[in-house]
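Peer 1: Chains as they are written, first to last, in the numbering used here: chain A, 3 to 346; chain B, 3 to 346.
A hint or two may mislead.
Heads up, the list lumps identical chains together, so a pair's fine if it works in one copy or across two of them.
[Said to hold, decoys possible] Taking lysine-lysine and the DSS-like style, the derived pairs with C-alpha atoms no more than 30 Å apart in a straight line are:
(1) LYS339 with LYS140
(2) LYS140 with LYS331
(3) LYS227 with LYS215
(4) LYS220 with LYS29
(5) LYS29 with LYS215
(6) LYS190 with LYS308
(7) LYS74 with LYS206
(8) LYS190 with LYS232
(9) LYS165 with LYS255
(10) LYS227 with LYS308
(11) LYS29 with LYS107
(12) LYS190 with LYS140
(13) LYS107 with LYS190
(14) LYS339 with LYS107
(15) LYS215 with LYS165
(16) LYS215 with LYS140
Don't read these hints as lab results, they were simulated from the structure.
Fair warning: this is a prediction, and the values are worked out from it, not measured in the lab.
Number of protein chains: 2
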Amino acid sequence: MLENQSTTTLENIGEFGLIDLLTSSIKIHHSSTQKGVGDDAAVIDHGNLKTLISTDLLLEGIHFDLSYFPLKHLGYKAITSNLSDIYAMNAMPKQVTVSIGISSKFTLEAVEELYAGMLFACNRYEVDLVGGDTSSSKQGLVISVTAIGEAEADDIVYRNGAKPGDLLCVTGDLGAAYTGFQLLEREKRVYLANPEIQPDLEGKDYIIERQLKPEARKDIVLMLKHLNIKPTSMIDISDGLSSEIFHLCANAKTGMYLYEDKIPIDPTSYNMARELDIDPTLTALSGGEDYELLFTIAQSEYEKIKDNADITVIGYVCEEKEGIHMISKSGNKHPLKAQGWKAF
Amino acid sequence: MLENQSTTTLENIGEFGLIDLLTSSIKIHHSSTQKGVGDDAAVIDHGNLKTLISTDLLLEGIHFDLSYFPLKHLGYKAITSNLSDIYAMNAMPKQVTVSIGISSKFTLEAVEELYAGMLFACNRYEVDLVGGDTSSSKQGLVISVTAIGEAEADDIVYRNGAKPGDLLCVTGDLGAAYTGFQLLEREKRVYLANPEIQPDLEGKDYIIERQLKPEARKDIVLMLKHLNIKPTSMIDISDGLSSEIFHLCANAKTGMYLYEDKIPIDPTSYNMARELDIDPTLTALSGGEDYELLFTIAQSEYEKIKDNADITVIGYVCEEKEGIHMISKSGNKHPLKAQGWKAF
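Chain A extracted, bound-state conformation (with noise of 0.2 Å):
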């Protein structure tokens, strides 16, 4: 590596402020390209149809451990996290490319069983796959899904629309995946000190499959759909909730309350958070990979969700110079905390 006398490191700028940095340059040439970096995913005008492509790579080693992932696991979710980032367009994802880095010490069975996860998401959320690149590794494997998906110019929810007074809603339940990973984490730890001993994941299905095979929320945006709700700003929660707030809140130039005790949260995630010595709050706040969709909706649409089992309303969008607040079990505000997850 060549250094320059004045270097900085990437510890220090994070991964946020290298995208900031690097994007910071890019020159627009084509009255085609609708929306470029900074969403869920870049919007393409052809016409009618606008076409949203989103990419994510995934790294041996920082996004997953082969010793308790198994491949046709990763395969699904490999495209199931990137299949997310469309639908969190309001978006349907109808194509996708796969490109994979492989050690020649894998057999080909075991790169059959990765393609066998994929190929089992693409059917599931009725995705093509079309195309992409096959090499050698000489480090771990790696993985690079890149989703096309396609909606109605009208259709599609950006970032940056929440208004002061918007509800904030979020799917499903949080923190689960993370509770998973550190459950798996736990008894990979007990094996290797002592192999005789059988990893104890009685009871966790729950928690270990929303790590290991997470779903993408296609149901969600067919629903909206159906409910007629637009939603006035949508996310999906890779990287946590706390960091997805931000990020709603800084494209749209808003605040936020989010209520603590209004996140949803699985018993079963609850309780492992507890016997982790986790606070289980913390989990949903920063945990991520929950894929659940996050998004703003004018008041005026409540009725139509608030006994809906599948979306949650945990706080609401206030004026910026309010700040980004959650209000505690015990009544408390406290500024809220972007603790995404830590690239670098």
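The hints should help you fit chain B onto chain A, whose structure is shown.
Peer 2: Showing chain B alone in chain A's frame:
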């Protein structure tokens, strides 16, 4: 890694065998998926204009060696090599997404160099960088680029349209990226053996640039349009002339005659091959990474291209049963072998 009792190594099946096997069970769900795996790019129907998608994965230690590959050049090549796939469909790339996995040992300035090269290519080829993903990597540098292009339906050229009697044409010259690579590898070995010896790259600029900063043939796509020529089939040369000829023949179910003495090889590259004791013809047949376009045209188009300095007729398409042969400089007929890049 889980392994079944009966396993197959990836070396045994090879890259193309692996791709065939993995893609054999793909189901297509959408009529908008006009062309999936099996060409330079996927084709998606978005009304009047078709969208083309192509993706490549570049891994440190496999596709590049940072000890002599300047990051700015690497960024440039990551973009142009991917755009080349879209031009090979006779289409125009309009957008790219870029995902990178970087070690925390990288400095910010190093990442900026990489991006500067990417943006330089984007500006030169007039494509918009619209998204991507940034991650830390525990191993080497990982770069994944997806290019999105567009074309009118009638303009798209696939790999499968060659007809017996068609002329086989190639742009530019071949083999120089490979001789440039071999030269850089030799000088690296010399340097490692004795760091006081300066690399001897005098007068070798052309072949080094072909390796480190390859261009994609946008100019050819524009010229073909200007000449009112639509190739019957086209592919870009990433793996080597021989391998690409096999792709065109397999897709069109034809044979081919290739004339060794017609293969365009630059004198610098020719002399370097001789100096390195490599058959210059082999650098063209198997070297790869030239990113020139290989295409077939009807004989009736010959007059339009015969005096064109950028295009060389190197053979012609024959019936499948005649096979794929090279006529050597001495006039002998040899079966051609597909000696592409060995992925595993």
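Peer 1: When no copy is named, should LYS29 and LYS107 be tagged within, between, both, or neither for a Cα gap of at most 30 Å?
Peer 2: So LYS29 and LYS107 pass the 30 Å test across copies only (29 Å; inside, 42 Å).
Peer 1: At most 30 Å between alpha carbons: which applies to LYS227 and LYS215, within, between, both or neither?
Peer 2: Within one copy only: 26 Å inside a chain, 48 Å across chains, cut-off 30 Å.
Peer 1: Are the CA atoms of LYS339 and LYS140 at most 30 Å apart within a copy, between copies, both, or neither?
Peer 2: between (38 Å within a copy, 27 Å between copies)
Peer 1: State whether the alpha carbon distance between LYS215 and LYS140 is at most 30 Å within one copy, between copies, both, or neither.
Peer 2: both (27 Å within a copy, 24 Å between copies)
Peer 1: Indicate which option fits the pair LYS74, LYS206 if close means a Cα-Cα distance not exceeding 30 Å: within, between, both or neither.
Peer 2: within (20 Å within a copy, 48 Å between copies)
Peer 1: What label fits LYS190 with LYS232 when the C-alpha limit is 30 Å: within, between, both, or neither?
Peer 2: neither (43 Å within a copy, 59 Å between copies)
Peer 1: For LYS107 vs LYS190, is the C-alpha pair at or below 30 Å within one copy, between two copies, both, or neither?
Peer 2: Answer is both: 22 Å inside a copy and 28 Å across each meet the 30 Å cutoff.
Peer 1: Can you tell me if LYS165 and LYS255 fall within 30 Å by alpha carbon in one copy, between copies, both or neither?
Peer 2: within (9 Å within a copy, 60 Å between copies)
Peer 1: Checking LYS29 and LYS215: alpha-carbon separation at most 30 Å within a copy, between copies, both or neither?
Peer 2: between (38 Å within a copy, 21 Å between copies)
Peer 1: If the cutoff is 30 Å on CA atoms, where do LYS227 and LYS308 land: within, between, both or neither? Let me know, please.
Peer 2: within (16 Å within a copy, 58 Å between copies)
Peer 1: Go through the copies and call it for LYS190 and LYS140: within, between, both or neither, with a Cα cutoff of 30 Å.
Peer 2: both (25 Å within a copy, 20 Å between copies)
Peer 1: When no copy is named, should LYS140 and LYS331 be tagged within, between, both, or neither for a Cα gap of at most 30 Å?
Peer 2: neither (50 Å within a copy, 39 Å between copies)
Checked against the numbered hints above, the structure breaks hints 2, 6, 8 and 15 and satisfies the rest.
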